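**Student:** Sequence:
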Amino acid sequence: MTSLQLLDARSLLGHIADRVPAELRDNVVVVVVVVGSIATAWAFRDVSGRATVSTKDIDLLLRPAVEATTTAEALAEQLLLRNWRPIYPNDRRPGAAETPDDELPALRLSHPGDGEGWFVALLGAPLPEQVERRAWRRFDTSVGVFALPCFRHMSVAIHAAEQTEFGIRSARPARMALSHLLSLASGVARDTGRTASEAASAEEAGCRLRAGQCSQRSP
Numbered sequence: 040m041t042s043l044q045l046l047d048a049r050s051l052l053g054h055i056a057d058r059v060p061a062e063l064r065d066n067v068v069v070v071v072v073v074v075g076s077i078a079t080a081w082a083f084r085d086v087s088g089r090a091t092v093s094t095k096d097i098d099l100l101l102r103p104a105v106e107a108t109t110t111a112e113a114l115a116e117q118l119l120l121r122n123w124r125p126i127y128p129n130d131r132r133p134g135a136a137e138t139p140d141d142e143l144p145a146l147r148l149s150h151p152g153d154g155e156g157w158f159v160a161l162l163g164a165p166l167p168e169q170v171e172r173r174a175w176r177r178f179d180t181s182v183g184v185f186a187l188p189c190f191r192h193m194s195v196a197i198h199a200a201e202q203t204e205f206g207i208r209s210a211r212p213a214r215m216a217l218s219h220l221l222s223l224a225s226g227v228a229r230d231t232g233r234t235a236s237e238a239a240s241a242e243e244a245g246c247r248l249r250a251g252q253c254s255q256r257s258p
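Those letters in the sequence shown? Residues 40 to 258, by the working numbering.
Since the hints were made in silico from the structure, they are not lab data.
Quick caveat, the model's predicted, so the values are computed rather than measured.
Note that CB positions come from ideal geometry on N, CA and C, so glycine has one too.
Among the clues, some could well be false.
The calculated label-pair distances, taken between Cβ atoms and stated as ranges, are [claimed, not checked]:
#1 Asp-179 with Arg-124: 14 to 20 angstroms
#2 Glu-204 with Ala-135: 40 to 46 angstroms
#3 Pro-128 with His-198: 26 to 32 angstroms
Start from the sequences, fold in the hints, and give me the full structure.
**Tutor:** Next up, the structure:
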């Protein structure tokens, strides 16, 4: 695996839109959402005056949830046919029919023209009934069986995602931050026995306390 690179978010979004097959790109507004550092760099491009980010992975979230695995199979096969190359961190290879869902790897693909540069990773939108922090939903490809990691609060992250000029949506940083906080609160609730709302309230109180302490120290 390569080290992080300084990449241009505008260029990457254009590359992704161009390389997603046309028959899927036509539905990209309702199927694929870019999340993570690339989305953040894109959102703050006018504030920072640039849209660069140090990263090597671009997360593509497939939605709606009920169609995520079907979309993953179609997108994966189209990209593989176009010589996109699967990559296997820690040599974790695709599974088989008997492999448990939670032991399957996520699918990461690198474009053949980009050498050892950035790659895309497929995620899935969570089903409404999901209660686990992360669930794995298996799907088949011509190179083996993979799974979509589906994070419970990711629906919050992609809500009202920004439509880009390239025909794909980009998650908003505030929504991604809220999704992360909800995930943390759920983890605290699980570890302490408190409800998620109690954990979230405690976290909010802690944030207010820290903010007050900082203001008291300010001249």
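**Student:** Hint by hint, which ones does this structure get wrong, listed from lowest number up?
**Tutor:** none
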